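Trainee: Chains Y and E, in that order, give the protein sequences. Every letter in the first sequence is one number past the one before it in full-length UniProt numbering, and letter 178, counting from 1, is 178. Every letter in the second sequence is one number past the one before it in full-length UniProt numbering, and letter 94, counting from 1, is 94.
Simulated from the structure, these hints should not be mistaken for laboratory data. Because the structure is a prediction, the values reported are computed rather than measured. Quick reminder that beta carbons are idealized off the backbone N, C-alpha and C, glycines included. Hints should not be assumed to be uniformly reliable.
Said to hold, decoys possible - Pairs of lysine-lysine, DSS-like flavour, derived with a Cα cap of 30 Å: (1) E/Lys288 - E/Lys249; (2) E/Lys122 - Y/Lys52; (3) E/Lys32 - E/Lys288; (4) Y/Lys52 - E/Lys19; (5) E/Lys128 - E/Lys174; (6) Y/Lys52 - E/Lys32.
As the list claims (entries may be wrong) - Here are the simulated distance ranges between beta carbons: (7) Y/Ser123 - E/Asp28: 20 to 30 Å; (8) E/Ser203 - Y/Arg217: 44 to 54 Å; (9) Y/Arg73 - E/Ser192: 24 to 34 Å; (10) Y/Ile75 - E/Asp149: 31 to 41 Å; (11) Y/Trp144 - E/Ser253: 41 to 51 Å.
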Amino acid sequence: MQWLIDLFPNVAPRADEFYRSIIETLVLVGITAVLSFVLSLTIGILLVVTRKGGLLSAPAFNQALGWIINLFRSIPFIILAAALVPITRAISGTALGVQGAIFPLVIGITPFFSRQMESAFLSIDPGLVEAAVSMGLSPVQIIWRVYFREAIPNIAKVTTITLVSLIGLSAISGSLGSGGLGDFAIRYGYQRFMFDATVASVIVLLIMVGFIEFVGRTVIDATSREVQISE
Amino acid sequence: MGQDTTQEAEASPIVVIDKVGKVFTGEDGEEKAALSDVSLSIRRGGIYGIIGLSGAGKSTLIRLINGIERATSGTVTVDGHRIGDLDARQLRVERRRIGMIFQQFNLMPSRTVFDNILFPLKDSDLGKDERRERVTHLLSLVGLDQKADAYPGELSGGQQQRVAIARALASNPKILLCDEATSALDPATTVSILHLLREVNRSLGVTVIIVTHQMSVVKEICDRVAVLDSGRLVEEGSVFSVFANPQAKLTRSFIATTSNIAKLGELVDGGDEDGDGVPDGEPLVRLKPGEKLVSIRYVHKGVFEPLIATVIRRFGVDINILLSDVEVVDGHPIGGTTGIWSGSEDGIRQAIAYLKDKDINVEVLR
Numbered sequence: 001m002q003w004l005i006d007l008f009p010n011v012a013p014r015a016d017e018f019y020r021s022i023i024e025t026l027v028l029v030g031i032t033a034v035l036s037f038v039l040s041l042t043i044g045i046l047l048v049v050t051r052k053g054g055l056l057s058a059p060a061f062n063q064a065l066g067w068i069i070n071l072f073r074s075i076p077f078i079i080l081a082a083a084l085v086p087i088t089r090a091i092s093g094t095a096l097g098v099q100g101a102i103f104p105l106v107i108g109i110t111p112f113f114s115r116q117m118e119s120a121f122l123s124i125d126p127g128l129v130e131a132a133v134s135m136g137l138s139p140v141q142i143i144w145r146v147y148f149r150e151a152i153p154n155i156a157k158v159t160t161i162t163l164v165s166l167i168g169l170s171a172i173s174g175s176l177g178s179g180g181l182g183d184f185a186i187r188y189g190y191q192r193f194m195f196d197a198t199v200a201s202v203i204v205l206l207i208m209v210g211f212i213e214f215v216g217r218t219v220i221d222a223t224s225r226e227v228q229i230s231e
Numbered sequence: 001m002g003q004d005t006t007q008e009a010e011a012s013p014i015v016v017i018d019k020v021g022k023v024f025t026g027e028d029g030e031e032k033a034a035l036s037d038v039s040l041s042i043r044r045g046g047i048y049g050i051i052g053l054s055g056a057g058k059s060t061l062i063r064l065i066n067g068i069e070r071a072t073s074g075t076v077t078v079d080g081h082r083i084g085d086l087d088a089r090q091l092r093v094e095r096r097r098i099g100m101i102f103q104q105f106n107l108m109p110s111r112t113v114f115d116n117i118l119f120p121l122k123d124s125d126l127g128k129d130e131r132r133e134r135v136t137h138l139l140s141l142v143g144l145d146q147k148a149d150a151y152p153g154e155l156s157g158g159q160q161q162r163v164a165i166a167r168a169l170a171s172n173p174k175i176l177l178c179d180e181a182t183s184a185l186d187p188a189t190t191v192s193i194l195h196l197l198r199e200v201n202r203s204l205g206v207t208v209i210i211v212t213h214q215m216s217v218v219k220e221i222c223d224r225v226a227v228l229d230s231g232r233l234v235e236e237g238s239v240f241s242v243f244a245n246p247q248a249k250l251t252r253s254f255i256a257t258t259s260n261i262a263k264l265g266e267l268v269d270g271g272d273e274d275g276d277g278v279p280d281g282e283p284l285v286r287l288k289p290g291e292k293l294v295s296i297r298y299v300h301k302g303v304f305e306p307l308i309a310t311v312i313r314r315f316g317v318d319i320n321i322l323l324s325d326v327e328v329v330d331g332h333p334i335g336g337t338t339g340i341w342s343g344s345e346d347g348i349r350q351a352i353a354y355l356k357d358k359d360i361n362v363e364v365l366r
């Protein structure tokens, strides 16, 4: 193990802190992903079914929802997170640490994730929906049995893309004191010029991204029955 | 099977479309009439064709029957229920008794053939075993027993349409709507799908309503046909009478697409041997003295006698048949033959009188 200590002279003495940062990133990304997935699935399907001529056509609602999403998407994350601090404090009790980072991350990633989900559902052939309507299925049944079920490969694809973006966002929130690998890399690698701390963080993040893409690809391959979806 | 249903049910039409209009409003608020004042009634247990060019409103018309489209004016009555009066829940119940198949099949790509047919049975009262039994039965009905575990993407277009038919029949519908169901298929597959639809109609007593732009489809299996032109009904009647005696110009042009009688016009109007600007006819139809170019057409049911042979034998007329276009529509021969007749003037006159007496339409072209 001597070679590791040689390669990462500044990380080795802070190994405990480094491991804790990894766990923090995993927890931060994991909890945010689950919350945002549920929200984005809901918003994404609403964006599709409330379109004019959609299953539950409500053009005014659709426009308002799209407008709100675009508003949040247009704010850079670091500014959004700073602006949300009072609300974050009210909801999470603190604006610091993992606990304080989840809320701004969910707000930061959900607009993007929702648009991704929307595109996943838009890829469903309207003919499938019409067929289900003609069979006498209710809108809720069609959402579950056609939109959600038939879009699984596309949902897996956009979730993979979003999780990778989320890891990026979680690192940015590190600069706001959220903890995690971003925090570790900024505090030691950037502010104290310990370049090996940056490198170590990058390597772990790369492994995480690689793992997410591997899982995503496996799910897509296992569920896709049509011509392979290209990245 | 028409004979099995009671006389009373036989008499009441299953679908009545009464003075229906449908107006679509575009993005710019401009109104466009897809259907205007369409009235027709569809007999229980029959195979009804609705034909028209693209944009004629036929897809809109068929969607009025299961309420996917709502009429702007007029009423649509299906089996005694006014579709326009049903609320969303009642409409869904009604839809379970109206199957529908589509041009692009619309099978669920992530589900196997078996699960696709099972799909509409999810909320049925049948038990799990009964459902599986029903799916297996339907699979064999459409001849795809071997493909239960295949995915739609692995099947040919014809096989996919067979699965779609099985799926549409799963909930025991009384009506099967077919929206351009054969338009994406090659001619041989089209015929096999049409035969399957006829079998479904006969063995299950399902009323089949077919929207198409192909007259050959109507000719192959329909017993009645409605012709739509720019949202208006221009002709309606039994397929035999419409083929024998088309009234609307559009109907005639549809019929021309399925017959080769149009070629005759080319023969008669072509060739200008002496260069005087007046067509002399192609060499094939050029007549010698005493010959006549005669076209006979069957326009009534019940022509079973060997008419041409009789004419030749009894009246001493030789007939050189140039074009023959006899086909069987709805179980009766329809069409006619065109040929050069030669013989004594008397013989030809008597022969023509004889045929006219038999209700045959005779036309001396030159």
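Trainee: If a hint holds in the structure, say so; if it does not, say that too.
Mentor: The hints, checked one at a time:
1. E/Lys288 - E/Lys249: violated (35 Å)
2. E/Lys122 - Y/Lys52: With Cα atoms ~29 Å apart, E/Lys122 and Y/Lys52 stay inside 30 Å; holds.
3. E/Lys32 - E/Lys288: Distance of about 57 Å is beyond 30 Å: violated.
4. Y/Lys52 - E/Lys19: Holds - the C-alpha atoms of E/Lys19 and Y/Lys52 are around 28 Å apart, at most 30 Å.
5. E/Lys128 - E/Lys174: Answer holds: E/Lys128 to E/Lys174 is near 23 Å, not above 30 Å.
6. Y/Lys52 - E/Lys32: With Cα atoms ~18 Å apart, Y/Lys52 and E/Lys32 stay inside 30 Å; holds.
7. Y/Ser123 - E/Asp28: 20 to 30 Å: With Cβ atoms ~28 Å apart, the hint holds.
8. E/Ser203 - Y/Arg217: 44 to 54 Å: The hinted range 44 to 54 Å holds for E/Ser203 and Y/Arg217, with Cβ atoms some 48 Å apart.
9. Y/Arg73 - E/Ser192: 24 to 34 Å: violated (52 Å)
10. Y/Ile75 - E/Asp149: 31 to 41 Å: violated (50 Å)
11. Y/Trp144 - E/Ser253: 41 to 51 Å: About 47 Å separates the Cβ atoms of Y/Trp144 and E/Ser253, which means 41 to 51 Å holds.
When held up to the earlier numbered hints, the structure conflicts with 1, 3, 9, 10 and fits the remainder.
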